[in-house]
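Undergrad: If you're matching them up, the sequences are chains A, B and C in order. So in the UniProt record's numbering the end of the first sequence lands on 342, straight run, no missing numbers. So in the UniProt record's numbering the end of the second sequence lands on 359, straight run, no missing numbers. So in the UniProt record's numbering the end of the third sequence lands on 573, straight run, no missing numbers.
Worth double-checking, as some hints may not be accurate.
Okay, the calculated beta carbon distance ranges per label pair [stated by the list, open to error]: (1) P258/B <-> A367/C: 28 to 34 Å; (2) P258/B <-> G345/C: 32 to 38 Å; (3) A127/B <-> A557/C: 51 to 57 Å; (4) G155/C <-> P258/B: 32 to 38 Å; (5) V31/C <-> R105/A: 38 to 44 Å; (6) R58/B <-> W163/C: 55 to 61 Å.
So the derived list for chain A, only partly shown, Cβ under 7 Å to chain C, looks like this [what the hints assert, rightly or not]: (7) L59; (8) F96; (9) M100; (10) H101; (11) M103; (12) G104; (13) S106; (14) F196.
Calculated directly from the structure, the hints in this document are not laboratory data. Please read these numbers as outputs of a predicted model, since none were measured by experiment. The C-beta atom is built at its ideal place from N, Cα and C for all residues, glycine as well.
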Amino acid sequence: MLRLDEVTVRFGDRTALDAVGLDVAERETVCVLGPSGSGKSTLLRVVAGLQRADSGRVLLSGRDQAGVPPHKRGVGLMFQDHQLFPQRDVGGNVAFGLRMHGMGRSAARARVAELLALVGLPGAERRAVTTLSGGEQQRVALARALAPRPRLLMLDEPLGQLDRSLRERLVVELRGLFHRLGTTVLAVTHDQGEAFALADRVVVMRDGRVAQTGTPLAVWQRPASEFVARFLGFDNVVPATVRADAAETAWGKVALPAGTSPDADRVLIRPTGVRLTGPGEGLRCTVEARSFRGGSGSSVTVLLRPESGPALEAACSLREAPEEGAEVGALFDPAEVVPLAG
Amino acid sequence: MNTHARRAAAATTSVLALALVATACGGSDDSGKDTKTVTLVTHDSFAASKKVLKEFTRQTGYKVKVLRGGDAGATVNQAVLSKDHPQGDVLFGVDNTLLSRPLDAGVFASYKAKGLGRVPRAYQLDADKHRVTPVDTGDICVNYDRKWFADKKLAPPRSLADLVKPAYKNLLVTEDAANSSPGLGFLLATVDSYGGKGWQDYWKKLRANGVEVVDSWEQAYNDRFTASRGGKGKGDKPLVVSYASSPPVEVQGVKPQPEQAPTGVAKGTCFRQTEFAGLLTGARNPEGGKALLDFLLSEEFQRDMPLTMFVNPVREGTKLPELFTKYGERIEDPATMAPGRIAKNREQWVKTWTSLAVK
Amino acid sequence: MDLTRREVAAPRAPLGGGGGRGGGRSDGRSVWVRLGLMAVPAAFFAVFFGYPVAAIVGRGLREGGHWQFARVGQVLGDPDVLHVLWFSLWQAAASTGLTLALALPGCYVFARLDFPGKRLLRAVATVPFVLPTVVVGSAFLALAGRGGLLDEWFGVRLDTSVWAILLAHVFLNYAVVLRTVGGLWAQLDPRQEEAARVLGAGRLSAWRRVTLPALAPSLGAAALIVFLFTFTSFGVIQVLGGPRYATLEVEIYRQTATLLDLPAAAVLTLTQFAAVAALLAVHAWSVRKRESALSLVPADSTAHRPSGAAQWAALYGVLVPTLLLLLAPLGVLVERALNGPDGYGFAFFRALSAQSDSATFVVAPAAAIGNSLAYAAVATLIALLVGGLAAAALTRRAGRLVRGFDALLMLPLGTSAVTVGFGFLIALDEPPLDLRSSWILVPLAQALVGVPFVVRTMLPVLRAVDVRLREAAAVLGASPLRAWREVDFPLVRRALLIAAGFAFAVSLGEFGATVFIARPDRPTLPMAVARLLGRAGEMNYGQAMALSTILMLVCAATLLALERVRTDSAGEF
């Protein structure tokens, strides 16, 4: 459906996209995940034709889009802060794309009603956009983007400005909606939770390059680099010298899963893979802090200060969590150890 | 890109189209090759009855197109500047205060108009070359408010010498000689009467006697002159520098017609302007231009002028309308001056006058 | 959360960052688009402004076949000339300051408060603009001159002081500020100021920190226009200045139209140019950093009926002096038009219609109205076309080229009308551009003055339109032209109407070079008024006043009609 081939965009001497390659299959939802400045918005703008690529190709349905202006690409883009047309009411906003595509008045009116119902704002046609709440604006923007049935729908931080509970609810709604409609979606976000909940596939970007691609599960389970790991919120990363089935680290010897590549030069130990025992066993640590994370598992993150090496996080249930200041020992579960390269 | 380019192209085309239409219209308007039209370049005060212009067309077959260029000075200067590509065929409206410059610049071509024989020699300032033809005369004179002087039991002034008398202190308002035609005329009257040096003393006395200088005739006459009915008599000066024809104009259209005009003319304060017309060098329709010059001296046109432009005809024996004979004054011996002398000294006189009368 | 906000900056870069981030090669095509858009206005200005002015100045400086550089020093060394230059500058600065000080409260009232007769009053405020200066001067003298209302009531006479000039300039230019600044103010989202107040800013401080910066571009534009207008003031100085006060414009007129001293006029014109260019440079420099994307909302949603004593006080405190300043001189005209020889009535109006058949009358009033409207309509169209294209080209700020072009558009306002008029005469005198006797010269010259208005009123609004709104439209399938029509146009329509009103008023009042252009015999209302005023007698004077009243009505009616054009377009299907 969408294919990016070695796409490079430079702003002056800064490279926003550096030979980025990406594929989005029909009816697939792909989420580009990355911190601010990683080039993900530029990526969307290149696909939409709002930004010219300095080199590389953008193909939609196999056709090179070079020289095709934005309005002829047939893609939809939902802007981060919506960009609803202030002089038009809700109906006028949603109908805009339909008018641009020459749809008749009555058909357009029906389609607008249908879409507003779809996004949960039935009958809102005559409302002024300035009177809408943030969530409502989001919904109108979505309806407007969906209305002309774009072959590819792009979302820029789709839920960025909403409060947490609304966001979590909307993610589920959106995923259901896209599956029901069979829409091909390319979304960008900086929020991993949002990306994992929404996407069939996740693309992590760093400094204009693709750092990792994979299903949410695969990326979660096997971050490809320290950057990805840290971006996903894993801080238990330590340099390592890999030898056969174990690695030498500042935390001592860490057993590795089978088949680890010898290129790995550091290891990630998931907090869930750090088991706490008595102070005589394993790596000797002092409990520096603990924070309650809530959730159904009543999990607690325990921040440990090991006798050697950087700080270490461990996850355990509330019942098992040691008191602050306590001396404990840490053991590592090889299944939760991920060797990383770079 | 394509649409951008198309959009720009569309806009460009439309402007070009507009410009073309404009020029086309302009072209059809233009007297260019059309030998049936004669173009008269003149100032904003020119006026002629439609009836009279129709009569010209009937007699000669030429239609008159009038082109106005602002005030008389601007019109003449435009003619000087556009000498190589004249704007029309005939220029009307250059008076003796302005005549030297266009003559020196060679703006006019010689033509002795028919009917010149009936014009007094005194008006024919270019009698040997006939580059310009006198058409009308007008007198710039001090006007007075009859009622004001009657109420005060004071005799109105009759001469320039009267104006510096204590009896007439603070009564006169005149116009800036630098920018106003009557203002300049009044200055020239004093120069002509008192001579190259004497006029400065005269103005010192006039200043001491409280003459007030305002910018324009409109302001002097409408806002300051006590007799001006336009100002509803709210003015404060019963003496104003205006025209000999102002009294008849005051009563024009007033019903019922009064016995006497509310204003009078101080006959000894006048300066005579003679207005000329001439055939422009390089005129596109010189034949039509000549016909028009002839017509300007014709009885029809000369008789029409007093009531359209409020000037006196130069053609001897032209019957004046009743408005003029009843309410106007005939100025017998006005001051006047040769164009060459005016041209030579004007700037210096005005400068000196400004320092004497204004600053 | 903060990270996401920062991300917003990236797509905005092409708008705000000039040639920096958004520039590069990706803007290659937009440079072409801009050049394409600029081509028409540039050609227009080159042919109808640059060339004529260069021709007349060049002729002056090269009089007699060789350069007259000696005259430069001679003219500039003349203490009288320096005095005139100084007076031109300081009276313009004072007039501009006074106009802003008096008109800004008016802008607030018109933008934020609803009151009956608002539209009418706004149209009336523009009327002084169209009146011939002779008439304005006369009306002003009736108010503040000898025997005027102020004299009768308070014994105050202003006609002998420079105050008459300053006040008349305020009277004439009030509408410039009211329309350019007030127009934008009405579209500013009041919630931004409210937000600042919630954050603890006082009313005044919120205004100063939020609203004032948003208004700054249009404020700067209004100040610039008023300054240029008053710097080149001609009629007002002639009528009210007395022989003692003269501006450069008056002096250039005298040198050109009276004395035909072209070298002196050329030097003065160049001096005027230099002053105006310096001013434009300062303006461009100061305004460049202040323009920003604004949050614009429909104008009719921001005003409300006054509530609370403070707002009522503000309303009356602003309206009463405004009415006095604007309406009193106009009222004097109407009073004089109605105060006939036999008491109040329509005698002068009847005389107008009676004389229109008589052969002796100078102008048939109906014909004059028709001519005036026709000229003004053509001039407005040209100004909108040229100015609209220029504004579209200038919407994206970048580069010196564009800024230079921007300044070029303002130059006609700061150029002596007589220079342009005489320039037309000697420059446009040969085929293919022999327009000297064509009627089109008049609207062309009027459009020269109208274009800066169109550009100045539209540009702040166009620049305030968020680029991403256009992008949103493009992604939804709108071509650039369609996107302009659907997104920019509704937002600038109001500005466009304001601009059109100005261009129309400018041409109706025959500002600028038109007085010095040889015109075919199609007399306009201002010309007819001037001719009637130039004659003695109650009937002529009264008819001039009656005709001025008609001119006022024509102007007010046209502007009202423009205001009535629906300015919102919510929910088009």
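Undergrad: Could you check the hint for me, namely that R58/B and W163/C are 55 to 61 Å apart, CB to CB?
TA: holds (57 Å)
Undergrad: Just to be sure I understand the hint, the distance between the Cβ atoms of G155/C and P258/B should be within 32 to 38 Å; is that true here?
TA: holds (35 Å)
Undergrad: For the restraint on G104/A, tell me whether the closest CB of chain C is nearer than 7 Å.
TA: Constraint on G104/A not satisfied, violated at 10 Å.
Undergrad: Quick check on the hint: H101/A CB to chain C CB, less than 7 Å?
TA: holds (5 Å)
Undergrad: Double-check F96/A for me: the hint is only fine if its C-beta lies closer than 7 Å to a C-beta in chain C.
TA: Nearest chain C Cβ about 5 Å off; hint holds.
Undergrad: Against chain C, is S106/A within 7 Å by beta-carbon distance?
TA: violated (9 Å)
Undergrad: Less than 7 Å between beta-carbons is the criterion; does M100/A satisfy it with respect to chain C?
TA: holds (4 Å)
Undergrad: Would you check whether F196/A satisfies its interface hint, that is, whether its CB is within less than 7 Å of any CB in chain C?
TA: violated (18 Å)
Undergrad: The hint names L59/A as touching chain C; please verify it with the least Cβ-Cβ distance against 7 Å.
TA: violated (18 Å)
Undergrad: Is 28 to 34 Å a correct range for the gap between the Cβ atoms of P258/B and A367/C?
TA: holds (32 Å)
Undergrad: Lying within 32 to 38 Å: is that true of the beta-carbon distance P258/B to G345/C?
TA: violated (20 Å)
Undergrad: Between V31/C and R105/A, does the beta-carbon spacing fit 38 to 44 Å?
TA: holds (39 Å)
When held up to the earlier numbered hints, the structure conflicts with 2, 7, 11, 12, 13 and 14 and fits the remainder.
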